[in-house]
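For the sequence shown, full-length UniProt numbering gives the first residue as 1, with consecutive numbering after it.
None of these hints come from the bench; they were simulated from the model.
Treat the hints with caution; some may be incorrect.
[Said to hold, decoys possible] Each computed BS3-like pair below joins lysine-lysine, with the alpha-carbon atoms no more than 25 Å apart:
no. : residue 1 : residue 2
1   : K275      : K344
2   : K271      : K147
3   : K275      : K329
4   : K329      : K351
5   : K271      : K329
6   : K344      : K329
7   : K275      : K351
8   : K344      : K271
[As the list claims (entries may be wrong)] Ranges between beta-carbon positions, derived for each pair:
no. : residue 1 : residue 2 : range
9   : P200      : E336      : 29 to 39 Å
10  : T116      : T296      : 30 to 40 Å
11  : E41       : Y262      : 48 to 58 Å
12  : L297      : N346      : 14 to 24 Å
Because the structure is a prediction, the values reported are computed rather than measured.
Using N, Cα and C, we set each Cβ at its ideal position, and we do this for glycine too.
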Amino acid sequence: MVIAKCIDEHEEILPSKGRSTATLVSLVTTRTPEPNDETHETWLIVGDGDLSYSAHRAPHLAARNVRLIATVLEDQATHLRTYRNSQTAIDAISKYSNHTVTFEVDATRLEERFSTRSLDRIIFNFPHWPGKANNRYNRALLNEFLKSASAVLRANGEIHVPLCVGQGGQEATSVRQWRQSWMASLYAAEHGLILRNVEPFRVEYSLSSYRGVDRPFAVGTDPLNYVFTLPNSIPVAEHLQVSCRHELRIPLEPESLQSCRYSLQELTETKVITKLAADLAPQGVRVSVPLWDVFTLDHSPVPLLVFLLVYSGETMPLTRLVADEIRAKLETATFERLGLPVAKRNRMVSKPFPYPLLDVLIAEYVDAQEMNHSIHKS
(Lines of atoms letter the chains of each structure in order from A and count residues from 1; the text may use other names and numbers.)
(Lines give C-alpha, C1' and ligand atoms only; values in the text may rest on other atoms or scores of the structure.)
Protein backbone atom coordinates (compact mmCIF):
# COMPACT_ATOMS: atom_id res chain seq x y z
CA MET A 1 0.00 0.00 0.00
CA VAL A 2 1.27 3.46 -0.83
CA ILE A 3 -0.57 6.42 0.64
CA ALA A 4 1.41 9.10 -1.17
CA LYS A 5 1.26 8.41 -4.86
CA CYS A 6 4.19 10.31 -6.34
CA ILE A 7 3.86 12.71 -9.23
CA ASP A 8 5.94 11.59 -12.18
CA GLU A 9 9.35 13.12 -12.71
CA HIS A 10 9.19 16.53 -14.33
CA GLU A 11 11.51 16.95 -17.26
CA GLU A 12 15.03 18.06 -16.56
CA ILE A 13 15.97 21.71 -17.06
CA LEU A 14 17.77 22.21 -20.31
CA PRO A 15 21.17 23.86 -20.55
CA SER A 16 21.35 27.36 -21.96
CA LYS A 17 21.94 26.20 -25.53
CA GLY A 18 19.39 27.79 -27.85
CA ARG A 19 18.20 30.00 -25.03
CA SER A 20 15.32 32.38 -25.75
CA THR A 21 16.61 35.52 -24.16
CA ALA A 22 15.62 39.11 -23.77
CA THR A 23 18.78 41.18 -23.93
CA LEU A 24 19.05 44.88 -23.52
CA VAL A 25 21.64 47.64 -24.23
CA SER A 26 21.36 51.32 -23.38
CA LEU A 27 20.02 53.64 -26.05
CA VAL A 28 22.54 56.30 -25.04
CA THR A 29 25.29 54.43 -23.21
CA THR A 30 26.72 50.93 -23.39
CA ARG A 31 26.33 50.39 -19.64
CA THR A 32 22.96 50.19 -17.95
CA PRO A 33 22.78 53.13 -15.51
CA GLU A 34 22.29 52.42 -11.81
CA PRO A 35 19.32 53.76 -9.82
CA ASN A 36 19.85 57.14 -8.17
CA ASP A 37 18.62 58.54 -4.89
CA GLU A 38 16.08 60.83 -6.53
CA THR A 39 13.89 58.00 -7.83
CA HIS A 40 11.53 56.10 -5.58
CA GLU A 41 11.67 52.78 -7.40
CA THR A 42 13.35 51.18 -10.39
CA TRP A 43 11.37 48.89 -12.66
CA LEU A 44 12.84 46.62 -15.33
CA ILE A 45 10.73 45.26 -18.17
CA VAL A 46 12.37 42.49 -20.20
CA GLY A 47 11.43 40.91 -23.52
CA ASP A 48 8.94 43.64 -24.41
CA GLY A 49 8.45 42.76 -28.09
CA ASP A 50 7.72 46.02 -29.91
CA LEU A 51 8.03 48.01 -26.63
CA SER A 52 4.31 48.75 -26.58
CA TYR A 53 3.87 47.59 -22.97
CA SER A 54 6.66 49.85 -21.73
CA ALA A 55 5.25 52.75 -23.76
CA HIS A 56 1.83 52.09 -22.20
CA ARG A 57 3.23 52.14 -18.64
CA ALA A 58 5.70 55.00 -19.15
CA PRO A 59 3.48 58.04 -18.35
CA HIS A 60 1.95 56.40 -15.28
CA LEU A 61 5.35 55.43 -13.89
CA ALA A 62 6.84 58.83 -14.64
CA ALA A 63 4.02 60.48 -12.69
CA ARG A 64 4.97 58.31 -9.71
CA ASN A 65 8.67 59.11 -10.12
CA VAL A 66 9.41 55.46 -10.91
CA ARG A 67 12.50 54.88 -13.00
CA LEU A 68 11.78 52.57 -15.96
CA ILE A 69 14.30 50.50 -17.90
CA ALA A 70 12.49 49.09 -20.96
CA THR A 71 14.26 46.26 -22.74
CA VAL A 72 14.06 43.93 -25.72
CA LEU A 73 15.98 41.01 -27.16
CA GLU A 74 17.07 42.51 -30.48
CA ASP A 75 19.76 45.05 -31.17
CA GLN A 76 18.46 48.50 -32.04
CA ALA A 77 18.84 48.21 -35.81
CA THR A 78 17.02 44.87 -35.91
CA HIS A 79 14.25 46.16 -33.67
CA LEU A 80 13.65 49.23 -35.85
CA ARG A 81 13.61 47.04 -38.94
CA THR A 82 11.30 44.40 -37.44
CA TYR A 83 8.61 46.45 -35.68
CA ARG A 84 6.76 49.20 -37.50
CA ASN A 85 5.99 51.01 -34.21
CA SER A 86 9.48 50.67 -32.81
CA GLN A 87 10.57 54.31 -33.08
CA THR A 88 7.21 55.58 -31.87
CA ALA A 89 7.47 53.42 -28.74
CA ILE A 90 11.10 54.38 -28.15
CA ASP A 91 10.20 58.07 -28.32
CA ALA A 92 7.19 57.60 -26.02
CA ILE A 93 9.41 56.01 -23.38
CA SER A 94 12.61 58.03 -23.63
CA LYS A 95 10.90 61.41 -23.52
CA TYR A 96 10.79 60.99 -19.74
CA SER A 97 14.06 61.86 -18.05
CA ASN A 98 14.07 58.85 -15.73
CA HIS A 99 13.12 56.31 -18.41
CA THR A 100 15.51 54.51 -20.78
CA VAL A 101 15.23 51.99 -23.60
CA THR A 102 17.93 49.34 -23.81
CA PHE A 103 18.76 46.57 -26.24
CA GLU A 104 20.67 43.28 -26.11
CA VAL A 105 20.39 42.49 -22.42
CA ASP A 106 19.89 38.80 -21.64
CA ALA A 107 16.85 38.24 -19.41
CA THR A 108 18.51 35.07 -18.14
CA ARG A 109 21.75 36.91 -17.31
CA LEU A 110 20.52 40.05 -15.62
CA GLU A 111 23.21 39.85 -12.95
CA GLU A 112 25.76 40.66 -15.66
CA ARG A 113 24.11 44.03 -16.31
CA PHE A 114 22.57 45.05 -13.00
CA SER A 115 23.88 45.27 -9.47
CA THR A 116 22.75 42.80 -6.83
CA ARG A 117 19.47 43.82 -5.16
CA SER A 118 19.09 46.92 -7.36
CA LEU A 119 15.60 46.47 -8.88
CA ASP A 120 12.21 46.97 -7.25
CA ARG A 121 10.15 45.23 -9.92
CA ILE A 122 11.07 42.96 -12.81
CA ILE A 123 8.41 42.17 -15.42
CA PHE A 124 8.52 39.51 -18.13
CA ASN A 125 5.19 39.39 -19.99
CA PHE A 126 4.30 36.04 -21.57
CA PRO A 127 7.80 34.56 -21.89
CA HIS A 128 8.04 32.02 -24.67
CA TRP A 129 10.78 30.11 -26.43
CA PRO A 130 11.04 31.30 -30.06
CA GLY A 131 9.49 29.16 -32.75
CA LYS A 132 7.38 26.09 -32.04
CA ALA A 133 8.31 25.18 -28.48
CA ASN A 134 7.23 22.55 -26.01
CA ASN A 135 6.90 22.87 -22.26
CA ARG A 136 10.42 21.62 -21.71
CA TYR A 137 11.99 24.61 -23.44
CA ASN A 138 9.59 27.10 -21.88
CA ARG A 139 10.28 25.71 -18.42
CA ALA A 140 13.99 26.13 -19.06
CA LEU A 141 13.46 29.74 -20.10
CA LEU A 142 11.28 30.52 -17.09
CA ASN A 143 13.68 28.76 -14.74
CA GLU A 144 16.73 30.65 -16.01
CA PHE A 145 14.89 33.97 -15.88
CA LEU A 146 13.75 33.43 -12.28
CA LYS A 147 17.25 32.40 -11.28
CA SER A 148 18.72 35.55 -12.78
CA ALA A 149 15.98 37.90 -11.59
CA SER A 150 16.21 36.66 -8.00
CA ALA A 151 19.82 37.86 -7.85
CA VAL A 152 19.05 41.49 -8.76
CA LEU A 153 15.71 41.89 -6.98
CA ARG A 154 15.60 44.12 -3.93
CA ALA A 155 14.56 42.58 -0.61
CA ASN A 156 11.02 43.97 -0.81
CA GLY A 157 10.78 43.82 -4.62
CA GLU A 158 8.49 41.82 -6.87
CA ILE A 159 8.86 39.73 -10.02
CA HIS A 160 5.78 39.75 -12.27
CA VAL A 161 5.28 37.07 -14.92
CA PRO A 162 1.92 37.14 -16.74
CA LEU A 163 1.13 33.73 -18.26
CA CYS A 164 -1.69 32.15 -20.21
CA VAL A 165 -4.13 30.00 -18.26
CA GLY A 166 -2.63 26.57 -17.68
CA GLN A 167 0.99 27.63 -18.18
CA GLY A 168 1.87 28.57 -14.60
CA GLY A 169 0.30 25.45 -13.10
CA GLN A 170 -1.08 26.91 -9.90
CA GLU A 171 -4.66 26.58 -11.11
CA ALA A 172 -4.19 22.90 -12.02
CA THR A 173 -6.98 20.63 -10.81
CA SER A 174 -5.27 17.36 -11.69
CA VAL A 175 -1.79 15.88 -11.55
CA ARG A 176 -1.80 15.71 -15.34
CA GLN A 177 -2.48 19.44 -15.67
CA TRP A 178 0.32 20.20 -13.21
CA ARG A 179 2.79 18.00 -15.10
CA GLN A 180 1.85 19.66 -18.38
CA SER A 181 2.33 23.18 -16.99
CA TRP A 182 5.52 25.20 -16.64
CA MET A 183 5.50 24.58 -12.85
CA ALA A 184 6.30 28.21 -12.10
CA SER A 185 6.14 27.98 -8.29
CA LEU A 186 8.43 24.94 -8.27
CA TYR A 187 11.22 26.69 -10.17
CA ALA A 188 10.76 29.90 -8.20
CA ALA A 189 11.33 28.00 -4.94
CA GLU A 190 14.56 26.54 -6.33
CA HIS A 191 15.90 30.09 -6.57
CA GLY A 192 14.76 31.32 -3.18
CA LEU A 193 11.50 32.89 -4.34
CA ILE A 194 7.96 32.52 -3.03
CA LEU A 195 4.81 32.72 -5.12
CA ARG A 196 3.08 35.60 -3.36
CA ASN A 197 0.02 36.10 -5.54
CA VAL A 198 -1.78 34.99 -8.70
CA GLU A 199 -4.07 37.67 -10.07
CA PRO A 200 -5.94 38.44 -13.32
CA PHE A 201 -3.85 40.28 -15.88
CA ARG A 202 -5.55 42.86 -18.08
CA VAL A 203 -4.01 43.23 -21.52
CA GLU A 204 -4.20 46.95 -22.30
CA TYR A 205 -1.43 47.20 -24.85
CA SER A 206 -0.52 45.84 -28.29
CA LEU A 207 0.61 42.21 -28.24
CA SER A 208 2.97 42.22 -31.20
CA SER A 209 5.88 39.83 -31.06
CA TYR A 210 4.88 36.44 -32.45
CA ARG A 211 7.99 34.25 -32.79
CA GLY A 212 10.15 37.32 -33.14
CA VAL A 213 8.16 39.04 -35.89
CA ASP A 214 5.72 41.94 -35.88
CA ARG A 215 2.53 39.90 -35.57
CA PRO A 216 -0.09 39.81 -32.79
CA PHE A 217 -0.47 36.72 -30.64
CA ALA A 218 -3.32 35.42 -28.49
CA VAL A 219 -3.08 34.95 -24.72
CA GLY A 220 -6.58 33.62 -24.13
CA THR A 221 -9.42 35.28 -22.28
CA ASP A 222 -8.10 35.10 -18.71
CA PRO A 223 -4.30 35.40 -18.46
CA LEU A 224 -2.87 35.32 -14.95
CA ASN A 225 -0.10 37.41 -13.42
CA TYR A 226 2.27 35.40 -11.21
CA VAL A 227 3.88 37.57 -8.53
CA PHE A 228 7.06 36.29 -6.86
CA THR A 229 8.95 37.80 -3.94
CA LEU A 230 11.86 36.97 -1.72
CA PRO A 231 10.73 35.38 1.56
CA ASN A 232 9.72 37.48 4.54
CA SER A 233 7.76 37.01 7.77
CA ILE A 234 4.35 37.31 6.08
CA PRO A 235 2.77 33.86 5.50
CA VAL A 236 1.80 32.89 1.96
CA ALA A 237 -1.84 31.97 1.43
CA GLU A 238 -2.38 28.22 1.66
CA HIS A 239 -3.55 27.89 -1.93
CA LEU A 240 -0.26 29.37 -3.17
CA GLN A 241 2.06 27.16 -1.14
CA VAL A 242 4.36 24.54 -2.63
CA SER A 243 4.22 21.17 -0.88
CA CYS A 244 5.92 17.78 -0.69
CA ARG A 245 4.65 14.61 0.97
CA HIS A 246 5.86 11.24 2.20
CA GLU A 247 4.79 8.27 4.30
CA LEU A 248 6.10 7.45 7.76
CA ARG A 249 5.66 3.71 8.34
CA ILE A 250 5.91 2.41 11.90
CA PRO A 251 5.77 -1.37 12.57
CA LEU A 252 3.60 -1.88 15.66
CA GLU A 253 5.83 -4.42 17.37
CA PRO A 254 4.65 -5.24 20.92
CA GLU A 255 8.10 -4.61 22.42
CA SER A 256 8.35 -1.18 20.82
CA LEU A 257 4.87 -0.15 21.90
CA GLN A 258 5.63 -1.16 25.48
CA SER A 259 8.75 1.00 25.58
CA CYS A 260 7.09 3.98 23.87
CA ARG A 261 5.78 6.65 26.23
CA TYR A 262 2.73 7.20 24.03
CA SER A 263 -0.16 4.83 23.63
CA LEU A 264 -1.38 3.66 20.22
CA GLN A 265 -4.45 5.84 20.64
CA GLU A 266 -2.28 8.90 21.28
CA LEU A 267 -0.16 8.10 18.25
CA THR A 268 -3.17 7.77 15.96
CA GLU A 269 -4.46 11.15 17.04
CA THR A 270 -1.51 12.42 14.92
CA LYS A 271 -0.62 15.24 17.33
CA VAL A 272 2.55 13.46 18.48
CA ILE A 273 3.91 12.94 14.96
CA THR A 274 2.79 16.37 13.77
CA LYS A 275 4.56 18.13 16.65
CA LEU A 276 7.69 16.03 16.25
CA ALA A 277 7.93 16.88 12.54
CA ALA A 278 7.12 20.56 13.15
CA ASP A 279 9.91 20.79 15.74
CA LEU A 280 12.36 19.40 13.19
CA ALA A 281 11.22 21.55 10.27
CA PRO A 282 12.85 24.92 9.50
CA GLN A 283 10.93 28.00 10.55
CA GLY A 284 8.53 28.88 7.75
CA VAL A 285 7.58 25.29 6.82
CA ARG A 286 4.07 24.18 7.76
CA VAL A 287 3.54 20.52 8.73
CA SER A 288 0.25 18.62 8.41
CA VAL A 289 -0.81 14.98 8.69
CA PRO A 290 -4.00 14.65 6.63
CA LEU A 291 -4.13 10.82 6.62
CA TRP A 292 -3.18 7.88 8.82
CA ASP A 293 -3.90 4.18 8.59
CA VAL A 294 -3.23 0.88 10.38
CA PHE A 295 -3.05 -2.26 8.29
CA THR A 296 -1.34 -5.62 7.96
CA LEU A 297 0.64 -6.77 4.95
CA ASP A 298 0.23 -10.29 3.61
CA HIS A 299 3.89 -11.19 4.20
CA SER A 300 4.07 -9.90 7.79
CA PRO A 301 1.90 -10.43 10.88
CA VAL A 302 3.07 -7.11 12.38
CA PRO A 303 0.58 -4.26 11.77
CA LEU A 304 1.87 -1.01 10.26
CA LEU A 305 0.90 2.44 11.43
CA VAL A 306 1.24 4.71 8.40
CA PHE A 307 1.10 8.50 8.41
CA LEU A 308 0.96 10.76 5.36
CA LEU A 309 2.99 13.88 6.15
CA VAL A 310 2.81 17.04 4.09
CA TYR A 311 5.34 19.88 4.24
CA SER A 312 4.36 23.27 2.79
CA GLY A 313 6.29 26.49 2.30
CA GLU A 314 4.50 29.11 4.39
CA THR A 315 7.10 31.85 4.83
CA MET A 316 10.07 30.20 3.13
CA PRO A 317 10.51 28.57 -0.28
CA LEU A 318 10.02 24.81 -0.02
CA THR A 319 12.16 22.64 -2.28
CA ARG A 320 12.28 18.88 -2.51
CA LEU A 321 15.71 18.92 -0.86
CA VAL A 322 14.44 20.91 2.14
CA ALA A 323 11.43 18.62 2.54
CA ASP A 324 13.58 15.51 2.30
CA GLU A 325 15.89 16.77 5.04
CA ILE A 326 12.84 17.03 7.33
CA ARG A 327 11.81 13.50 6.35
CA ALA A 328 15.26 12.11 7.21
CA LYS A 329 15.32 13.88 10.59
CA LEU A 330 11.80 12.67 11.38
CA GLU A 331 12.67 9.04 10.69
CA THR A 332 15.69 9.29 12.98
CA ALA A 333 13.76 11.09 15.72
CA THR A 334 10.89 8.59 15.59
CA PHE A 335 13.35 5.87 16.60
CA GLU A 336 15.55 7.89 18.96
CA ARG A 337 12.87 9.95 20.75
CA LEU A 338 9.83 7.71 20.56
CA GLY A 339 11.59 4.36 20.59
CA LEU A 340 9.65 3.22 17.53
CA PRO A 341 11.18 1.54 14.47
CA VAL A 342 10.59 2.95 11.00
CA ALA A 343 10.01 0.71 7.98
CA LYS A 344 11.20 1.60 4.47
CA ARG A 345 13.45 4.43 5.55
CA ASN A 346 15.33 6.76 3.21
CA ARG A 347 12.61 6.92 0.57
CA MET A 348 12.71 10.45 -0.83
CA VAL A 349 9.72 12.74 -0.52
CA SER A 350 7.44 13.36 -3.49
CA LYS A 351 8.07 15.93 -6.17
CA PRO A 352 6.79 19.39 -5.17
CA PHE A 353 3.17 20.15 -6.05
CA PRO A 354 0.70 23.01 -5.44
CA TYR A 355 -0.98 22.51 -2.08
CA PRO A 356 -4.53 22.64 -3.56
CA LEU A 357 -3.74 19.39 -5.41
CA LEU A 358 -3.44 17.50 -2.12
CA ASP A 359 -7.17 16.70 -1.95
CA VAL A 360 -7.02 15.33 -5.48
CA LEU A 361 -4.02 13.16 -4.64
CA ILE A 362 -5.69 11.82 -1.50
CA ALA A 363 -8.91 11.09 -3.40
CA GLU A 364 -6.99 9.22 -6.10
CA TYR A 365 -5.29 7.11 -3.43
CA VAL A 366 -8.50 6.27 -1.57
CA ASP A 367 -10.30 5.35 -4.79
CA ALA A 368 -7.44 3.08 -5.84
CA GLN A 369 -7.38 0.99 -2.66
CA GLU A 370 -8.79 -2.51 -2.80
CA MET A 371 -7.86 -3.53 0.73
CA ASN A 372 -10.43 -4.05 3.45
CA HIS A 373 -9.23 -1.47 5.92
CA SER A 374 -10.24 2.03 6.83
CA ILE A 375 -8.58 5.26 5.79
CA HIS A 376 -8.54 7.84 8.57
CA LYS A 377 -8.48 11.54 7.80
CA SER A 378 -7.01 13.80 10.45
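We went through each hint and held it up to the structure:
1. K275 - K344: holds, 22 Å
2. K271 - K147: Violated - the C-alpha atoms of K147 and K271 are around 38 Å apart, more than 25 Å.
3. K275 - K329: holds, 13 Å
4. K329 - K351: Holds: K329 and K351 sit about 18 Å apart, inside 25 Å.
5. K271 - K329: OK: K271 and K329 at ~17 Å, within 25 Å.
6. K344 - K329: holds, 14 Å
7. K275 - K351: holds, 23 Å
8. K344 - K271: Within the cut-off at roughly 22 Å; holds.
9. P200 - E336: 29 to 39 Å: violated, 50 Å
10. T116 - T296: 30 to 40 Å: violated, 57 Å
11. E41 - Y262: 48 to 58 Å: Holds: the Cβ-Cβ distance is about 54 Å, inside 48 to 58 Å.
12. L297 - N346: 14 to 24 Å: For N346 against L297, whose Cβ atoms are near 19 Å apart, the range 14 to 24 Å holds.
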